[in-house]
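As you go down the protein sequences, you meet chains P and E in turn.
Going left to right, the first sequence walks through residues 1 to 221 as UniProt numbering numbers them.
Going left to right, the second sequence walks through residues 1 to 216 as UniProt numbering numbers them.
Hints are computed from structural coordinates only; laboratory data are not their basis.
No residue lacks a Cβ here, since even glycine has one placed at the ideal position from N, Cα and C.
Heads up, a few of these hints could be off.
[Claimed, not checked] Computed Cβ-Cβ distance ranges for the label pairs, DEER-style:
1. E:Glu117 to P:Ala33: 46 to 52 Å
2. P:Asn6 to E:Tyr132: 52 to 58 Å
3. E:Val191 to P:Leu145: 31 to 37 Å
4. E:Glu117 to P:Leu207: 32 to 38 Å
5. P:Glu26 to E:Tyr198: 29 to 35 Å
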Amino acid sequence: MGYTLNFNLIWRHFDKLWGGLLLSLELAVISIAIGILIGLLLAVWYVSAGRAVRTVIAAYVEFIRNVPLILLVYLVFYGLPTVVDIAYSAQTSFIATLSLYSGAYLVEVFRSGLEAVPRGQLDAGKAIGLTPWQRLVHVRLPTMLRITLPALSNTFLSLFKDTSVASVISVPELTYGAQWINFNTFRIVEVYLVVTAMYLLTGYALLYALRLVERRFRAAH
Amino acid sequence: MLGQIAYALPFLAQGFAVTLWVSLLVVVLSLVAGVMMGVGLVYGPAPLRWAVRIFSDTIRGIPILVLIFFVYYGLPAVGIHLESFWAAVLALTLFKTAQVIEYLRGAVGSIPKGQSEAAMAIGLTFRQRLAYVIFPQAFRRFLPPWINGVTDAVKGSALVSLLGITDLMHAINQVIGRTYEAMPLYILGAVIYFVVNYALSLASRRLERRFSFIRE
Chain P
1 MGYTLNFNLI WRHFDKLWGG LLLSLELAVI SIAIGILIGL LLAVWYVSAG RAVRTVIAAY
61 VEFIRNVPLI LLVYLVFYGL PTVVDIAYSA QTSFIATLSL YSGAYLVEVF RSGLEAVPRG
121 QLDAGKAIGL TPWQRLVHVR LPTMLRITLP ALSNTFLSLF KDTSVASVIS VPELTYGAQW
181 INFNTFRIVE VYLVVTAMYL LTGYALLYAL RLVERRFRAA H
Chain E
1 MLGQIAYALP FLAQGFAVTL WVSLLVVVLS LVAGVMMGVG LVYGPAPLRW AVRIFSDTIR
61 GIPILVLIFF VYYGLPAVGI HLESFWAAVL ALTLFKTAQV IEYLRGAVGS IPKGQSEAAM
121 AIGLTFRQRL AYVIFPQAFR RFLPPWINGV TDAVKGSALV SLLGITDLMH AINQVIGRTY
181 EAMPLYILGA VIYFVVNYAL SLASRRLERR FSFIRE
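Only chain E is shown next, with the shape it has when bound in the complex:
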């Protein structure tokens, strides 16, 4: 049994690399998209605010799995052909973007109005207000939940196995298909996911404590 698992380790490592690569892409892309749309939600004109609100509430209201299938099977039907890898990344990025929008809204919303008014009073432009006054303070509120939310990207990435992408989850199932050692392999997989996500959630908690000096 151990021999078979040891034999499969390089294959599992490859799958793990795909898991990390998908997660990294999703985290980076959703950060960019989410911060831009979040700023649009907080400061944008009414139509933009509504658009972002509808986007976020729709995405957060459906299961990630439905989102993944919708993007993967739906896009080719309307003539957009993406490799399954990129379809999966796109779907997970949509899901994460909605989260980032809400983290950003929460973080910016927690900064007292007086800060913005004071910045306006000394004649800072909108961009300067964001860059020098709001974002530096909001950042400390944003970072802990965002890091904790990275675990959702890692956990969500296991669903891409259903599209035949050989991530860690899929690699585990394939090795089980060959060896019939279901339990040891699922436990091994669980331990790997656990180590990554637990490290992230510890980091999040530590940062939260570090930033807890900020007054309400």
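Isolated chain P (complex conformation):
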């Protein structure tokens, strides 16, 4: 095979990878924060709304879930500005895309979570005289969040991996950094070994931390 591993050039340009990793995390965190807002609002609206609203929300969810993320990224970055008078950086455009994307997945998560809140809790809330709003905020949402926490952390981890798609519109996250080093140094095997290790270590560290949080807030049975 005659290929000798040489990591020197990778370490020399490691700032590209380290900065990329931080940006990947930033993109994932901002997107899931907005996604959680979208998901919560639409899920709460869905379970209390009539047929028309439900159809529209379901259409949004199904559309996003069944179209490749890369196409959505292109559509928002290259497509939208041709029909609407807006201008944004690649990074902003990607955050918008990934937020809408995670929002669609989270509507489903929260909706099934809301339905899994035991009926008796809501009746108990009614019995002690809570208003519908109080029942939502103090009874339904807290229980629902406990139930959906594992699904939330899975969504976050998969969003962290999805940030790699931002490289196609030249957002300098981790995969973009890898490609930069790939094309400029040709230490191909080395750079992808290092990047694979970085994704794995970060991903599994996050998984471990999130599992600790889940254990702390586990829903009482």
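Keeping the supplied structure of chain P fixed, place chain E upon it in accordance with the hints.
For chain E alone, coordinates are given in the frame of chain P:
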């Protein structure tokens, strides 16, 4: 505008055919590899189990895009030359195989232990136990998520456009490069992907309901 798009339709259809061909290859190859490795994970000796576990956890822990670049740029560097089409199919197959391993593990794991013990008690060999007792039951658990997972192969296949393979995604970008009609073409592409994947997820849901008579 419509004229330009109509003019591009045969080209887009060719791209769509490539998308379907890549997806089909990936789905079939990963099914074979994933079921074999999944059986290894559940029933194999410890070293094999560890190997499959490490394979699956590594593949599932990195973005598909990184996997695709690793295979596409990395293999020639170590002297293995694959056409870009086959490099893409290989990378996506690795990704899907890890999924299939987990579906299989979940499905087989959901079959009560008593089934296996009863089969052993009446003297069935390992292969007979799998073929006549475990797999027929596990199949109903395996099928719905697996069909739903086929959409991941179709969606993932859009990434092969980055290797210059003219699939539907790449064809759309090329037509946009000529016509500058970005929005209509992206929407058309989204609709095509949507129709294929939505049909698959409907099929998955229907099967799940059909098989829901199985007791936990």
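These are the hints, each one checked on the structure:
As the Cβ distance of E:Glu117 to P:Ala33 is approximately 49 Å, the hint placing it in 46 to 52 Å holds. For P:Asn6 and E:Tyr132, the Cβ-Cβ distance of about 55 Å falls inside the hinted range of 52 to 58 Å, so the restraint holds. At about 35 Å, the beta-carbon gap between E:Val191 and P:Leu145 stays in the expected band of 31 to 37 Å. Checking the proposed 32 to 38 Å range against E:Glu117 and P:Leu207 shows it holds: the Cβ atoms sit about 34 Å from each other.
Between P:Glu26 and E:Tyr198 the beta carbon distance is about 33 Å. The supplied range of 29 to 35 Å therefore holds.
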